[in-house]
Amino acid sequence: MAHFFLPSCVVKNYELLEHTADIGIRVKALTLAGLFRKAGLAVKSLSAEKQKTQYPQKHKIVIIQKADTLEELFVNWLNELLSKAAVEGLVFEDIRVKQVNEKFIEGLGIGSDIRNYKINTEIKAATYHQLKVQKNGIVWKAEVILDV
Amino acid sequence: MSEIKLEKIDDYRWRIPRSFKPGMRVPGIIYADEKLLKDIYQDKAIEQVANVAFLPGIVNYSLAMPDIHWGYGFPIGGVAATDIAEGGVVSPGGVGFDINCGVRMLKTNLQYEEIKDKLKELIYALFSDVPTGVGSKGDIRVGRKEEKEILLKGAGWAVGQGYGVQEDLECTEESGAIEGADPEAVSERAYERGKAQSGTLGSGNHFLEVQVIDQLYNRDACDALGLDLDQITVMIHSGSRGFGYQICDDYTRSMIHCLQKYNINVPDRQLACAPVDSSEGRQYLAAMRCAANYAWANRQCLMHLTRQTFERIFATPWHKMGMQLIYDVAHNIAKVEKYVIDGKEKKLCVHRKGATRAFGPESPGLPEKYKKLGQPVIIPGDMGRNSYLLLGTQKAMDETFGSTCHGAGRVKSRTAALKSINANVLLKELESKGIIVKASGRGTIVEEAPQVYKDVNDVVDVVHNAGLSKRVCRMRPLGVIKG
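Here the protein sequences come in this chain order: S and Z. Under our numbering, think of the first position of the first sequence as 1, with each following residue one higher. Under our numbering, think of the first position of the second sequence as 1, with each following residue one higher.
Worth flagging that the hints you see were computed from the coordinates, not collected in a lab. This one's a predicted model, so the numbers in the text were calculated from it and none came from an experiment. Heads up, the beta-carbon is just placed ideally off N, CA and C, and yes, glycines get one too. Please note: incorrect hints may appear among the correct ones.
Said to hold, decoys possible - The calculated label-pair distances, taken between Cβ atoms and stated as ranges, are:
#1 Z:R312 / S:K50: 31 to 41 Å
#2 S:K98 / Z:K261: 39 to 49 Å
#3 Z:L259 / S:T31: 50 to 60 Å
#4 Z:D182 / S:E88: 22 to 32 Å
#5 S:Q99 / Z:K433: 31 to 41 Å
Stated by the list, open to error - Quick partial rundown of chain Z residues pointing at chain S, CB under 10 Å, derived from the structure:
#6 G143
#7 D268
#8 K412
Unchecked claim - In silico BS3-like pairs for lysine-lysine, Cα to Cα no more than 30 Å straight-line:
#9 S:K118 / Z:K153
#10 Z:K195 / S:K66
#11 S:K52 / Z:K153
#12 S:K50 / Z:K438
#13 Z:K261 / S:K52
#14 S:K28 / S:K132
#15 Z:K428 / S:K66
#16 S:K103 / Z:K120
#17 S:K118 / Z:K344
#18 S:K28 / Z:K153
#19 S:K84 / Z:K153
#20 S:K103 / S:K52
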């Protein structure tokens, strides 16, 4: 049975963490930009299942966030993606990170009309609960609990 | 898995001593019996009760109801009151993203025998008429000026539009609009995110359920409320949708900075908070109240749609079917209420995160018709078992800041549910019990399967026996629509 109806190409990009009420994810990447991109795509994959494309037009949305710490930046980034997608009625099929450091990120969400998707699980927000964003050796790793 | 050994106070109360975590300002108390305690030990909810005890100004105890489970920041099923005059704080995480998620129950004068042959048609019609699911949009379209009216007037705005009657407002907590809402405290983004979502049910654990009363516990109360065996009732569970999520996000971001500014030490950043009596605290409460009013307007609109559907299916005006609102309660909210603490009346900020107000008889804020009875408390269960109507008690006023449980409480994660439950088997099981389910997606049905929840009967046994609220009657589901 398909869990959360994940496309196979995305399954490998994150792990699910057990949580009674909500959903936790762990993502890993070799770069900080990759980490933020993978986390954004993981959130999308958890909730949205592609259907037949009826509305082919793509929408590019610029996402810019600032924060005092890397962990805050990570939560702000995910919440901004969720918020922008909801407001614009989009699902971000791809995400590009133009530049990122510990306190600033500029990225691009490539959005497809939400009507091209079936939404299985509504992700309300990313939370700070048990949040981790750190570099172990050469690998960046993040863990975050999402309110669903 | 929690390793703490709880101290038994009596059969239904368990203490977390302050020594469990240095920094706890008060002990924790969990309402549960031995059976439920086994589930409670399985996740990190106990630690979260202890974490809440760090909040500045917290009074008496960090409390947890028997439906407690692991959340983020606060546990779900948590209650905490802070003393405003003593620097007590308000925490957006103590309310949650779905501000004023809540439930309302309306009765009908229809009997099960009268509707059983039309039940399927009714459930399918409700599913068609009531917008459900993520990204769903309602028929209610308003401009910015009117949007602000919704934030100030709540359910009263909906009644003003013809979506209900004055009596509905009397039977809604805060009469459907809490005072102190300030639309200027709401971000532009929240307005955008909430636009067009009024009158939509949402997804996840939100639902609209047609039920039948299958057990009476308090004959006098049932008579007073006009309830009897085999009578059809309807329960609606929804919240403030994207509007509330955005307000919580906006203010959690800003309150992270308040931890340093006000020298507040909490073990979880999702407990970010600010003194109620600070510009940040006041701003959050003003915005949170806007979302609370938005949610009450939303549930009023959903009830209106429900009444319209019943009218169409049974070709009878709703008032002739006796479709009156019993009550509407919030279970994710922070409210300023007065309690006597150590002989002195104090103004407290009561956080109910997955907990229901359960005011006893003669409490302020109750409508005249419920003054003697106490406040109706609505406890939805899962889609395969039962739901309850209870009444608030004086004991709840004395022990839990007028609070009780809010539902069954999850015991199994969504991922575990998806691994172990088959949607087709589940739907057949429900069908064999006479329960019709209509949902936007099969994933939702599995994630919300009865086996992922505690048995609501066990939860209600605890609050009843502990005296936090008293059983009036029990319902069983006939048909449910979900997002």
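Structure-based check of all given hints:
In this structure the hint that R312 (chain Z) and K50 (chain S) lie 31 to 41 Å apart at CB holds, the actual value being about 35 Å. Checked against the hint of 39 to 49 Å, the pair K98 (chain S) and K261 (chain Z) fails, with Cβ atoms roughly 32 Å apart. Range check, L259 (chain Z) to T31 (chain S): Cβ separation about 30 Å, and the 50 to 60 Å hint is violated. Separated by about 27 Å at the C-beta atoms, D182 (chain Z) and E88 (chain S) satisfy the suggested range of 22 to 32 Å.
Between Q99 (chain S) and K433 (chain Z) the Cβ separation comes to about 56 Å, which falls outside the hinted range of 31 to 41 Å. Given the 10 Å rule on beta carbons, the hint for G143 (chain Z) is violated: about 17 Å separates it from the nearest Cβ of chain S. The beta carbon of D268 (chain Z) comes within 6 Å of a beta carbon in chain S, closer than 10 Å, and the hint placing it at the interface holds. With its C-beta approaching chain S no nearer than about 7 Å, K412 (chain Z) sits inside the 10 Å limit, and its interface hint holds.
This hinted pair does not check out: K118 (chain S) and K153 (chain Z) have alpha carbons roughly 34 Å apart, beyond 30 Å. As the CA atoms of K195 (chain Z) and K66 (chain S) are separated by approximately 26 Å, the hinted pair is consistent with the 30 Å bound. Taken as a hint, the K52 (chain S) and K153 (chain Z) pair is broken in the structure, with Cα atoms around 42 Å apart against an allowance of 30 Å. With a CA separation close to 21 Å, the supplied pair K50 (chain S) and K438 (chain Z) stays within the 30 Å bound.
Only pairs whose Cα atoms come within 30 Å are accepted, and K261 (chain Z) paired with K52 (chain S) is rejected, the gap being roughly 51 Å. Simply put, K28 (chain S) and K132 (chain S) have alpha-carbon atoms about 11 Å apart, close enough for the 30 Å limit, and the pair holds. Between K428 (chain Z) and K66 (chain S) the alpha-carbon distance is near 50 Å, which puts this suggested pair outside the 30 Å criterion. Restraint check for K103 (chain S) and K120 (chain Z): not satisfied, since their Cα atoms lie roughly 55 Å apart, outside the 30 Å limit.
About 55 Å separates the Cα atoms of K118 (chain S) and K344 (chain Z), which puts this hinted pair outside 30 Å; it is violated. Straight-line distance between C-alpha atoms of K28 (chain S) and K153 (chain Z) comes to about 47 Å, which puts the hinted pair past the 30 Å bound. Restraint check for K84 (chain S) and K153 (chain Z): satisfied, since their Cα atoms lie roughly 28 Å apart, inside the 30 Å limit. With a C-alpha separation of about 39 Å, the suggested pair K103 (chain S) and K52 (chain S) falls outside the 30 Å cut-off, and the hint is violated.
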